[in-house]
Each structure stands twice: as C-alpha cells, then as structure tokens.
Amino acid sequence: MTAALVLIAVLTLATAAVALALRNLIHSALLLIASWFGLAAFYLWAGAEFVAFAQVLVYVGAVSMVVLFAVLLTRRSRADPVVSPDSLSRAVSAVLTGVAVFGVLAAAILGTRLSPSTVAAPTATVRTIGTQLMGTHAAALLIVGMLLTVALLGAVVLAAQDPAETNQDAP
Amino acid sequence: MTLDPLQLCLLFSSALFCVGLVGALARSSTILVLLGVELMLNAANINFIAFWRYGPPTAPATGVMFVIFSIAVAAAEAAVGLALIIAVYRHQKNIRLQEASRLKG
Amino acid sequence: MTSADAFLERLPLVARDLVTSWLPEPWRWLVNSLISIAVILSVFGLLFAYVTLAERKILGRIQNRPGPNRTPIPFINLRFFGLAQPFADGIKALTKEDLVPRGADHRLHFLAPVVLLAFSILTFAVLPYGRHLVPVELNAGVLYFFAAGAATELAVFMAGWASRNKYSLLAAMRALAQLISYELPLLLAWVPVVLVAGSLSTTEIVAAQAGWKFNLIPHWHVFTPWGAAGFLIFMVAALAESNRSPFDLPEAESELIAGHLTEYSGFKYALFFMAEYFGMIALSGMAITLFLGGWHAPSPYLEFIPSYVWFGAKLVVLLLGFIWIRATFPRLRMDQLTRFAWKFLVPLALINLANAAFWSLSFPWAGPLQLLRWLISALVVVGPFVLLGRKLSVGVAPRVYRYAT
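Chains as they are written, first to last, in the numbering used here: chain C, 7 to 177; chain U, 114 to 218; chain R, 7 to 411.
Just chain C, same shape as in the assembly (with noise of 0.2 Å):
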C-alpha cells in the first residue's frame, strides 16, 4: 500500500523535476503531462476514482492540447522550441527558495502529530458526488460554469487576431 504511493510520487516528481529542467519545450510539456498521469495514479491510489479519470480528461485530454499548441504557436524558428538557458543565479536562488519552503513545509508536517483516521476508507460513488454538486454545491456549481464560459470568451478575445489582420476566406 505505501509501497506503491512511493513509487507514484517518486514517479511524479521525478518527470515534474526533470520536466521543468529540460531546455526543450515539447519534451518538458510532454514530461509533465506523464506527471499528471502520476497525479491521476495518486488519485486512483486513494480511492477517488471520479477525480483521477477527470484529471486525465481535463488535464491529458484539454489543457495538454492547449499547452502544446501554445508552445508550437510561439516557436521562434522552424527548429526545435529550445529556450535559451537561463541566467545561473537566478536558477541558484530559485533552488535555495524551493528547498527552503519544503524544509520549513516537511518540518512542519513531520512535527505535528496528525492522527489519521482508523475507519473504513470514505467511499465516493459517482452517485454520492453527482447529489453532492446537485444539491449542497449548486451554487457553486452554477459559478463554476459561469467562470469556465467567462474564460474561454476572454481566451478567445485574447487570442483572437485584430480584424484587420485576418483574411477572410469564403466559405
């Protein structure tokens, strides 16, 4: 059982580490998203099976698209979308920055005494989470629908070219 969460988050951080390692872009984005596989193991470990196939489809299936597009759209030349290294003192501090905050985050877990619960693990049909977002959540529910339209409306305007540029082919 805690075998098998090590090996997922070992797994996941090590192709989310290298990943924002790596000079190329494709390589990186395709790394990552093996680390959202990882995640989505996680999720299936714990027991909430509704969220790791979402995960898959809204972060493997969407947002993997767009990043991949984003990155082919902003090539500076038809070779590979390398990145130009960056400047070795701000990747220094950013290390120092990083393993500061997961010291002062591992002392802080490892010094206070959690006390896991000893029952049954939750259960969570996808009956129990489709009353759930009916009923106690709707609101919420409602105003995330209102904030996925609202961003896509923007996301278009934003990516959108000016009319002037765009050449109109007929249809």
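These are calculated hints, taken from the structure and not from any lab test. None of these values were measured; they are calculated from a predicted model. Heads up, the beta-carbon is just placed ideally off N, CA and C, and yes, glycines get one too. Among the hints, erroneous ones may be present.
To spell it out: a stretch of chain C is covered by chain U in this simulated footprint if at least three of its residues, at any positions, have a beta carbon under 8 Å from a beta carbon of chain U; those stretches are [said to hold, decoys possible]: (1) 18-26; (2) 29-38; (3) 106-120; (4) 133-142.
Fit chains U and R to the supplied structure of chain C, relying on the hints for placement.
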C-alpha cells in the same frame, strides 16, 4: 520512526509544490512558468484528497468536491494563461518573461 | 432455467475456471485477469486482422475490383478467398526495414506508436461483452473509457512532432484541432444516456436497456427520439475521433502524403494501423453499450443465443457501416470539418441533452400522454436539425454545377 500514509501524502504534495515553485521562479519561458503554477495547484489537490482519505470524517465526498472545482478552475486558468501567452508573443515575437515589460501594446 | 444461467451463457467463465480452479486464491485472481487480457488481445487482434481484410475486399467490390483474393495458405496452396492475407501483411510489416529519419526525435518517434496502442487497448477494459463478461467493473466506467481515449490524441501529436517533417507536423496540428473539436460532441452525445440511466457504470447502463415493449420493441436507447439523435451524433463524432474517412484529414494522402505516418515504416506503421482499428472497434463497442442495448438480444424469442454473440453481431454490423461510409463519402475540407463540429453537432448535442432531461422528467406520463411525450421529443430532435441545417447550408447547398459552354 515510520511515517503514516497521511504524512507521506503531505510530504509528496509539498515536494510537488516546491518543484512547481522552483520551476516558476527559475525559468523565464512563460509557458514553463504557467506549467509550474499548474503543478502547485495540483499539489494543493493532493492535500485535499489526502485529508479526505485520512482526515477526520466529514460530510460525504467534501474533499472530492474541492478537487473537482479546483480542476475546473485550473482548466480555466490554463486557457486564459495560454491565450495571454499567445497575445504577448504576437506583440513582441518572444515569450521570455524579462522582455514582457511594456504595458503598451 | 433462466437465460442468465444457461450453459452457453456461462461457457467462457466455466472454461476459465476449469483452467484456474487448482490455483490458490491470490494466484487464481492474477491468472484470471491475465486470461481475460490474453483473450481480449487475441480476439480483438484477430478481429482487427479480418476487419482489414473485409475492408479491402468490400472497398474492392464497391470499386468493381476483387480485392485481395490470392494469398494462399502455406504448404497446402489453398487460396480460400485470400483469408491468409492479414498474416501475410503482418509478416511483411515485421520484416520491413524500420526507418528513422536522422533529424527525428528518436525517443518520441519510438514512443508514439507504443503510447497510441497502449491507450487504445486500455479502452477495452470496461466494455461489457456479455452478461457475465465485464473485464473491469468501474463505478465511473464510461468516464474511464473516454479518459483513456483522450490520451490517444497525444500520441498522434508525438508522432507528428517527432518525425521532423513538415507534412507530419501539419498533420499533427490538424489532428489536434480535429480531435479537440469532435471530443465535445462525442462527450455531449453520451451525457443524455448517463442522465436517463442514472449511472456512469457500463454494466448499469446496459442493465437499464433490458426488456421489451409489447414483447416487440427493445428498450434500447436508440429507439427513443433523443437516443436516435444521440446515437447519430455519437457515430459521426466517433468517425472523426478514429480518423476515419470522410474525416481522415490528418492522413489525407492527396495533400499530406500520409500525414503523421509519413516517416513511419515497418512494424511501427503496423502498430499505428492497429491502434486506429482498435480505436474504431472500441468506440463501436461503446456505442453498442450506450445506445444499442449492449449485449441484450433484440427480441425475447432470440434470447437463447448467448449474449456475447449478440454483442459481436452488433459490433460487426457497426464496423461494416464504418467501411461502407469510407467507400461512399468524399473527404471534408478542414474549415468544413471544424464548422460542422462547432456549429452543427455541438448545438444539436446540447439540445439533445435538454431533450433527454424532458424525457426523464416525463417518465410518469401514461396513456395518451405517452404519445404526446414521443411527439414533443421527436419535434425537439427534428426541428433544430432542419432549422440549423437550412441556416448553415445557405450559400453552400444545394450545389450548383456550372459547365463550360
């Protein structure tokens, strides 16, 4: 000392958060910064699931609800963020953060 | 003896238990799973082989030529309609040289077909093939199916990108645009089914379609107005998702050579081919599960035929339909393709969702109200279809032919 699963999950999520943080701070490509932020959001989701699984019993599926809404918000964030990146690229033919310093388009 | 316990119905399980009954408990579970995996792989592998043969022969017949009919069975030199053709093709693909362009991204070039095939095989896990034949029962089975299917888009992109070829990259961009556009109607088409059946589990969706009206009309979702519309939208989107003609723009040979497959040869090419057919078979299986009553027999008098035979029969019919469509329709243009998805299929699928909600709310209606229910539901399907079709085809159809004088 053995770690109980809850602590392991929390360590996992804080490590992922820090990986995202380092990526967002160290890289200058806007896309990678955005992906680092996404990773940090994902780390938060791990916490929700971990506390839902091992924390004190609450209303059914509260943690799962949180994560579902969080995934939806993350999707909206990614869409807007990448649209912004494309808009920035159109203005200065570059997505390096250092050079995106003008407010005037 | 009810049909659920009939010997033929339980035959696959009995056969499996014969093999594994002597094993101790944890091992038995493992071997049982391995046997299901092996059976699925071999059955669908064979189905893939013979669907390719059927496709070539049927396309040949439609184009007034015989199709492959000469491959003999080795040593006995018996031709037998060219039934050995798929195996000859397999051997050919295995022995061909595996070319990788020098500029290619070698790792991604290798990974793309593997990822594609792996994810298209994963989708087979949740389909209920028979009354007792569900490999994995998941609470959110339908969601799992489409999550695994969504990952195949990624592999197409990887193939196009890694080849370092302009045709491949163009095809990859096209494939992404197409798959994203048609993902939406595909998902929206099955949401009504989930709404009415009240479950995301494939077994429960099939169970919701049991029974017959007047012992004549099955309670399949396709025999309701919203179900018929949903089924058609689903099949059109499935055609596009599996890159089949008339939506095979990513590999349009007249413009893009072979699209994302241009730089692939030998067995890797065969893997792509296999994954495409597996995707098509899996989506057909899902359409059967969601709309065509799964493994249920079409009539109570035909229930003596075991359920997995019915599933197979329906699958073959749908696959023949795919082949027929490929032989009949010309390929679309990119702008037509996306316009069709966003302006026609998505609105219709949304209206269909409202229609299914009405259907499920009006469930208690009885007597003459039932007729009214059917009438309203049918109008909600046909009305928007006609109106949208008219509106979108202004200036495009009917086609006017101009001849040189």
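Is the listed coverage of the segment 29-38 of chain C by chain U valid when you require three or more residues with a beta carbon under 8 Å from a beta carbon of that chain? holds (count 4)
State whether the coverage of the segment 133-142 of chain C by chain U holds or is violated, taking the criterion as 3 or more residues with Cβ-Cβ distances under 8 Å. Since three or more residues must qualify, the claim that chain U covers the segment 133-142 of chain C holds, with 5 doing so at under 8 Å.
Cβ contact check, 8 Å cutoff: the segment 18-26 of chain C against chain U, three residues minimum: holds (count 6)
Within 8 Å of chain U's CB atoms, at least three CB atoms from the segment 106-120 of chain C: coverage verdict: holds (count 7)
Checked against the numbered hints given earlier, the structure satisfies every one of them.
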